[in-house]
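Number of protein chains: 6
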Amino acid sequence: MAADLLARLKSVNRDEVYSNAWLTIPSSWTAEIMARSGFDLCTIDAQHGLMDYQTGLSMLQAIGNTKALPLIRVHDNAIPNLMKWLDAGALGLILPMIDEPEQLKQALSACYYPPAGNRSHGPTRAAFVTHPDYRYHVSGDLLIFAQIETASGLEQVEAIATVPGLKGLYVGPYDLSISIGRPKLADLSDPVLWSALVRIAAAAQKNELLLGIHTSDTSRIPDLRALGFHIFSTGSDSHLLMDSAKKLDQELRG
Amino acid sequence: MAADLLARLKSVNRDEVYSNAWLTIPSSWTAEIMARSGFDLCTIDAQHGLMDYQTGLSMLQAIGNTKALPLIRVHDNAIPNLMKWLDAGALGLILPMIDEPEQLKQALSACYYPPAGNRSHGPTRAAFVTHPDYRYHVSGDLLIFAQIETASGLEQVEAIATVPGLKGLYVGPYDLSISIGRPKLADLSDPVLWSALVRIAAAAQKNELLLGIHTSDTSRIPDLRALGFHIFSTGSDSHLLMDSAKKLDQELRG
Amino acid sequence: MAADLLARLKSVNRDEVYSNAWLTIPSSWTAEIMARSGFDLCTIDAQHGLMDYQTGLSMLQAIGNTKALPLIRVHDNAIPNLMKWLDAGALGLILPMIDEPEQLKQALSACYYPPAGNRSHGPTRAAFVTHPDYRYHVSGDLLIFAQIETASGLEQVEAIATVPGLKGLYVGPYDLSISIGRPKLADLSDPVLWSALVRIAAAAQKNELLLGIHTSDTSRIPDLRALGFHIFSTGSDSHLLMDSAKKLDQELRG
Amino acid sequence: MAADLLARLKSVNRDEVYSNAWLTIPSSWTAEIMARSGFDLCTIDAQHGLMDYQTGLSMLQAIGNTKALPLIRVHDNAIPNLMKWLDAGALGLILPMIDEPEQLKQALSACYYPPAGNRSHGPTRAAFVTHPDYRYHVSGDLLIFAQIETASGLEQVEAIATVPGLKGLYVGPYDLSISIGRPKLADLSDPVLWSALVRIAAAAQKNELLLGIHTSDTSRIPDLRALGFHIFSTGSDSHLLMDSAKKLDQELRG
Amino acid sequence: MAADLLARLKSVNRDEVYSNAWLTIPSSWTAEIMARSGFDLCTIDAQHGLMDYQTGLSMLQAIGNTKALPLIRVHDNAIPNLMKWLDAGALGLILPMIDEPEQLKQALSACYYPPAGNRSHGPTRAAFVTHPDYRYHVSGDLLIFAQIETASGLEQVEAIATVPGLKGLYVGPYDLSISIGRPKLADLSDPVLWSALVRIAAAAQKNELLLGIHTSDTSRIPDLRALGFHIFSTGSDSHLLMDSAKKLDQELRG
Amino acid sequence: MAADLLARLKSVNRDEVYSNAWLTIPSSWTAEIMARSGFDLCTIDAQHGLMDYQTGLSMLQAIGNTKALPLIRVHDNAIPNLMKWLDAGALGLILPMIDEPEQLKQALSACYYPPAGNRSHGPTRAAFVTHPDYRYHVSGDLLIFAQIETASGLEQVEAIATVPGLKGLYVGPYDLSISIGRPKLADLSDPVLWSALVRIAAAAQKNELLLGIHTSDTSRIPDLRALGFHIFSTGSDSHLLMDSAKKLDQELRG
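Residue numbers (the working numbering), protein chains in the order written: chain A, 1392 to 1645; chain B, 1392 to 1645; chain C, 1392 to 1645; chain D, 1392 to 1645; chain E, 1392 to 1645; chain F, 1392 to 1645.
Incorrect hints may appear among the rest.
Intra- or inter-copy, both count: the list cannot distinguish identical chains.
As the list claims (entries may be wrong) - Cut-off 27 Å, straight-line C-alpha distance, at most; resulting in silico cross-link-like pairs (BS3-like, lysine-lysine): (1) K1496 with K1401; (2) K1597 with K1575; (3) K1496 with K1637; (4) K1458 with K1638; (5) K1597 with K1401; (6) K1458 with K1496; (7) K1458 with K1575; (8) K1496 with K1638.
To be clear, the hints were calculated from the coordinates, so they are not data collected in a lab. These numbers were taken from a predicted model, which means no experiment stands behind them.
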């Protein structure tokens, strides 16, 4: 079923909105909870989340062929790391801290097989859980996002957006607001941050890229959609649990 | 700090209310989230939860460093199982499905050292994380609850409540309502279920026992407090996450 | 999809044959390999296999996302153990070493909710991955097999087969042949062992029970089908790997 | 190599002394450290230690490759539990809290195949790492010890020692001293405790049983050897590490 | 025993053929199965396999001192990664995607202690399981293979083969055939691919290097031996299990 | 409580001596043993130790808020790796093999948020277990040590010591003695090695840096204190256990 979604996402239809769960708890059970709660995408955040590869693999299995499509936000854009996650069956990657096109080209070379890239052959789990001819039927459609979250990435977003093989841009407004020197973290009412989003959205639209944001304020989703954003995540499973736990503690005290 | 709470609980002061987190996710990180969210007690539900002993141990370690007091709701009242959890550093146990006094006496014999019981000596982690003389300074104060959740347990609650070594009663209203043949699960507005709670509370009060309930309806906590209940839990970490995840998915779709 | 199979199995159609993978490797990845290799059923052998509950849970998750239906061959028929596997999402259990009806009745009481049994309420994963109303829509259809593999079990198979709530018989010919004093292990050409199978099959047919066997000799499957057997397993994942590894070692040496 | 030791132990030669490491840390690496440090036997203490089956299996694997012979001190004498450890490749078991002959007979029935007992066939790892014909060449020689550590066990030690299939007695002086009402824990200078050891040793000698003790005072080993004890353990890996860590902390402070 | 093999391999005797198991399942039990099935070498494939370091460590323990010699095919030639696997007790490494001599020199610097390289001192497990003076008696003999599997690596194979400290070449025909633009994957009947193998073999022979190949077609092993290849692997444990599972499923359906 | 120690360490008071436990066993239980044995600091040695990130996280939880302060000796100074350990709640890092100032500047950029560095925002566990405003109240005080253990690092130690954001120097005398060509490993009586320590200490004192050493000879601690060293570690938990195990084996043999 995730394969259907993969196909649908290829069309980059901005009338469709996609919810994206953000997983930081290192647990296949919480991954299964999230994957069965309705989200279109489930991103295992291997950067700021608390899992590494082995636990991430068990989470990929749990997300498995629920209807949610599993992505990895990698902690490191190094080539061997990207290949290992794709072989494990991730159907897409979010590459953090993309500063300029050359860095992205290198990372993308790890994601595609020759001649498009230099990915080494060996899709151990990927082929078994998607298609026996994964190499020819799946590997070209993987959802690779560049995360725009630094001043440098913003300055070069137009060039970044044209790198062949890129499928989408994903905004990290926390790091972006810090990096461009804004006084508040990810404040969507800050006009300087907002104009950065406008610029990034324009680059995505021009290149027919998917466009996502880890938004700090879900009330602004309509405004973000107006810019062309159509993939939304916020917070994390850890924060969902923390926040609801604190409320429950108060509730139990009467 | 949990030691302070242990001491405070000994006094069975019904003016104090205690919140109790209910852990079913097999993860030391979610255990740490729950333990740092304000709850007085954290119960690792090894019965209906998804962890076993080894993961439970890692959860005890994560709770161990907070002010929350760790309990285990065991999946089996068999003697070797109870001993193993106590040696791991649990400061209390909730014993499910207590039907009659003899069954409880047997279980309690596993919890206390001779002459009070037959617990085998070897508090490997328990002594190291509480007191070098755990045997003499901690082991007698362990919080052992009998869970009243069957028709038989209800019928014999007065006798159950007098078994030496018992520290509290804990009501499981889901199983109890089923067992006494009520049409709805854990419906606190059902007068037959409510009168069962009244009866259990009376037995606890008479024997100066702690009194808890895994309530299905937190709005009734004031009424429950009036009966003498002062330890409250509800739902579970899995349900907190599921419920908030489903809401978030809707929110992200705008 | 496994739910469809569950429904189909209810009809006890002996014209349909079901393959059953036998899992002894404690790994969610090998479980996923087996579950995606075409088998109808995947039995996690928690008795002679090398996994315990926590690893078994990860295997249930890996199987969960395929069309294969997950069973547990438990290591212990004790009530708390049976409940814990069912709460984890097993859709059936194979109960080893069933010697007589009373023992089976006790075990079955753990599998069904009141009034059919005494299963405690708390289907933490089971409800989430099958049906929100698991209690009413799934729990009654669980596939509970009694394993007939002792002289005593054979002697009382007619009575065992009539215990309410039982869904099938499963023959363990290794233990059975030993227990009835045959000189060879699981030798299907032994007429004494074969007549035991005839007797067991008759009891299953009379009570419209599913009928499976962990056969030692797949060449006899047609003969077994003629008796009414329609669920077949053999060897284990460990043995598949061992045998093919030894062959490969020889092949590589040329 | 452990197989050689198994053979040597069969002869019950009291001139040979055997050191026995006591493992409570749930880790295959510390198990490997202990197994390579010179001990003849390595006992995984699943009773008061902090491991369960899955971790214990990894410890058996780590010990498996050394000359040390792996034993399990089980936490529960229940039949399914004993079988599962033996299938995992334990070459012996120490059964705690043996109070009387009938209890021991039941436990031993789980350890031996018919006709000696009722052990279910399926030595998944045991056969692969010892002998393809494990059933005929290894399973009869397993080292099964009854632990004498209760007043009742002491009272019936002569009868316990004659139960067929028993290979040795192992004294737990902590629990024994408590159970027989001595004021100090495991005080070998206490004449009442000492005379209990004399009595146990006599029963072992008369029945040509191996004889071990988890001694609290290694300076008394010569005296214990004079009684016929020849297998010695003390403390645990956890305590070795704790004690040396505390000393090191002081040493580093100068 | 693996130490004996290490010594034998040093002589680079092409009359001896070595079988090499290829491990991609993240499990110490399947590693033990493979290591005890007769193979001379066991390669933990950390590149396309599904394990990371922690699981790989448990696999190294299971391979332990069976007679099989444990190698790691690393996922990343970065210096810290190579050191960490060697400290864990790997007796050799297969370095993927070696394109040119300088890259290899850097990687080799991580494998040998000064003055031969810059490996940091701390052979935590390596020394304990091989030789107390590992630094002087083992570390110089580690089996380090460069994997030739890119067009660039092929073009520079003569220079690569002369880098001091290199012990062998290992061909990855899948990636190699892709990288040199062949239409089929690893087709050994393709004369262009075959002539590449001839060239690589010549470089190995000239420099007295061990010579291995992950062959796609075991029927060609005699031809490969004629070129000087004497270490052979194929497929993986995952594929062995998948293939035999699919066959078994069919067999069980009759 | 660790927070108090963090504050105290900021003052760089050389009259205070700090003991530092060195953890190489991949286990949260041994980490808890070490953390509760009196040490001020607990360093998880992810370089030569046998744990990776996931196990290291469980060890950080066990060290938790005991009074010991958790450090990581990373295996790789790569930026994504440093960020991931800090997000997990490490309160300091020891960076191995620092050769020159530029390398250190890059590493430090990963440790501090803008404008001091480029650390990406997402202190998932760090914020939850220290301070909700971790970014402003904790992240600036993290204890980042450069390890001086190469000839190059020694030659440039004065420049290294002035890199902004550095909090301390830590000497690795094993690698240092090898790297500067001394005949013995870490021989503190070697005047050439000693004069290297003098030089390093002078650089630390001049820049008011903390100063630690993984000393090979604790009898020289007074002399080292005279140079300004005040943080001391030696050996490892693995070695403590190995050494005491070997002694115990001998003791048990009488």
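**Message:** Of all the hints numbered above, which does this structure not satisfy? Sort the numbers upward.
**Reply:** 2, 3, 6, 7 and 8
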